[in-house]
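S.K.: Sequence:
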Amino acid sequence: MTWFDDGRLHYAVGIEDTFVPQSRPGERAIDEYELTEHYAQYAGDLQLASDVGAEMVRWGVPWHLVAAEQGRWDWSWVDGVMARFNELGLRPVIDLLHYGTPLWLEGQFSHPDYADHVTEYAQRFAERYGDVATDYTPVNEPVIHALFSGEYAYWPPYLSGPTGMVSIATSLAEGFVKTQRAIASVLGDRATFVHVDAGIRYSGDLDAPEHADTVTRLRHQGFLVEDLVTGAVGPDHPLLGQLERGGADDTLLDWFRAHPVRPDVMGVNYYPLHSTEVFEAGVHHSGGFADPRPYEDTGTEGLKEVLTTWADRYGAPVMLTETSVTGTVDQRRGWLDASVAALHELKADGVNVVGYTWWPLFDMYEWTWRHTQAPRADHLLTMGLHDLVETPAGALARRRNPVADSFQRHATAARLADADLAPADVVA
Numbered sequence: 008m009t010w011f012d013d014g015r016l017h018y019a020v021g022i023e024d025t026f027v028p029q030s031r032p033g034e035r036a037i038d039e040y041e042l043t044e045h046y047a048q049y050a051g052d053l054q055l056a057s058d059v060g061a062e063m064v065r066w067g068v069p070w071h072l073v074a075a076e077q078g079r080w081d082w083s084w085v086d087g088v089m090a091r092f093n094e095l096g097l098r099p100v101i102d103l104l105h106y107g108t109p110l111w112l113e114g115q116f117s118h119p120d121y122a123d124h125v126t127e128y129a130q131r132f133a134e135r136y137g138d139v140a141t142d143y144t145p146v147n148e149p150v151i152h153a154l155f156s157g158e159y160a161y162w163p164p165y166l167s168g169p170t171g172m173v174s175i176a177t178s179l180a181e182g183f184v185k186t187q188r189a190i191a192s193v194l195g196d197r198a199t200f201v202h203v204d205a206g207i208r209y210s211g212d213l214d215a216p217e218h219a220d221t222v223t224r225l226r227h228q229g230f231l232v233e234d235l236v237t238g239a240v241g242p243d244h245p246l247l248g249q250l251e252r253g254g255a256d257d258t259l260l261d262w263f264r265a266h267p268v269r270p271d272v273m274g275v276n277y278y279p280l281h282s283t284e285v286f287e288a289g290v291h292h293s294g295g296f297a298d299p300r301p302y303e304d305t306g307t308e309g310l311k312e313v314l315t316t317w318a319d320r321y322g323a324p325v326m327l328t329e330t331s332v333t334g335t336v337d338q339r340r341g342w343l344d345a346s347v348a349a350l351h352e353l354k355a356d357g358v359n360v361v362g363y364t365w366w367p368l369f370d371m372y373e374w375t376w377r378h379t380q381a382p383r384a385d386h387l388l389t390m391g392l393h394d395l396v397e398t399p400a401g402a403l404a405r406r407r408n409p410v411a412d413s414f415q416r417h418a419t420a421a422r423l424a425d426a427d428l429a430p431a432d433v434v435a
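Reading the sequence shown from the start, the letters are residues 8 to 435 in this note's numbering.
Simulated restraints on C-beta separations:
1. Ala384 to Arg252: 38 to 48 Å
2. His227 to Arg131: 31 to 41 Å
3. Trp111 to Asp256: 24 to 34 Å
4. Val396 to Asp337: 10 to 20 Å
5. Ala50 to Arg131: 18 to 28 Å
6. Val396 to Gly341: 14 to 24 Å
7. Pro267 to Arg135: 22 to 32 Å
8. Pro267 to Trp111: 30 to 40 Å
Calculated pairs, DMTMM-like style, for lysine to aspartate or glutamate (alpha carbon to alpha carbon, straight line, at most 20 Å):
9. Lys185 to Asp257
10. Lys185 to Asp120
11. Lys185 to Asp261
12. Lys354 to Asp13
13. Lys354 to Asp344
14. Lys311 to Asp356
15. Lys354 to Asp425
16. Lys311 to Glu284
17. Lys354 to Asp271
18. Lys185 to Asp123
19. Lys354 to Glu308
20. Lys311 to Glu352
21. Lys354 to Asp12
22. Lys185 to Asp271
23. Lys311 to Asp344
24. Lys185 to Asp196
25. Lys354 to Glu312
26. Lys185 to Asp142
27. Lys185 to Glu134
28. Lys185 to Asp256
29. Lys185 to Glu127
30. Lys354 to Asp319
Just so you know, the hints here were simulated from the structure itself, not pulled from any lab data. We put the beta carbon where it would ideally sit given N, CA and C, even for glycine.
Please model the complete structure; the sequences and the hints are all you need to start from.
M.R.: Structure, rendered in structure tokens:
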């Protein structure tokens, strides 16, 4: 029996792993592992995950460092991390692509050989670490990749508009399919694939004449990459015209239909303060960090909706693969308790929810750091189960906070329930 078939709610944490190593005037490279000092502190960081009772850790590979030069592979740092996972008995869910490509890959996701390069990297990883890592996310949040790199021109390769979005989405999807098939060829039935995308919602004046078409397109785009990789883009797909205008011809779309890959688990990322964008009559925002729309906090109502929607659409077990709020300890504890309760309510209603992930394990730094010259402390996001604290020596200490105690209580209750012990027996 696989972990997602045992009827339990499994608890995971994530370590923020956004990598955009490219830079240009006014934009510095961002590497969250460097900013949070995870490269130096990985052994202790994974111990923190174990200490709060997490069974799994969503953890990303820095492809841009593993393959800093084309054709040369340096796995030395990853070797240590994977050994530490094995030592602690933690289950890694490997984020193979969390936004970054190596510097030598010109055009990044729009490079004509992107799919083959990312597939080689993924296959090499699986061959090297298949004894430890059997759970894989080929691309984290492909819709955010496609929007930021393809529609909003915010990240490399800075394409723009709906056709730019399609160009990045189809390239990501091709790499996604080839990656999953390559890993499956290495690991066989031991491989599990956790597809992950952002649960984006829209509210407000959605039917206003100036917004209606945009809202409809954005809603469909949220599912585009998953539709492509699962072979669900046929002649009646609502974005077919946009796909064709973006260069996706019949040959490419036929290829996707002939080579579908399915999620064993459909992961959805949801942040109550940021996952619902608001449209206002008479007001236009292009979207993204450069020109963001307002947000609405729809709490557990929005959470339940996105998980149910993705479960119904793709017919797979669902997992909340990222959630948290940026705020005080009390605000974070409140959302943790409320969101866990919402998942239990969904399970009671028959939705096959198999996992809960608090993201991040420790605080992180806002992506806007890339577009400023301010120190990292100015971009700190208080989201974690542990605070990041600057020490007099300049290093970052990890300080456990009461949110970690709440997470551990829920994770422990899940394990005791599995052992037929009453949750009332659980202590924080």
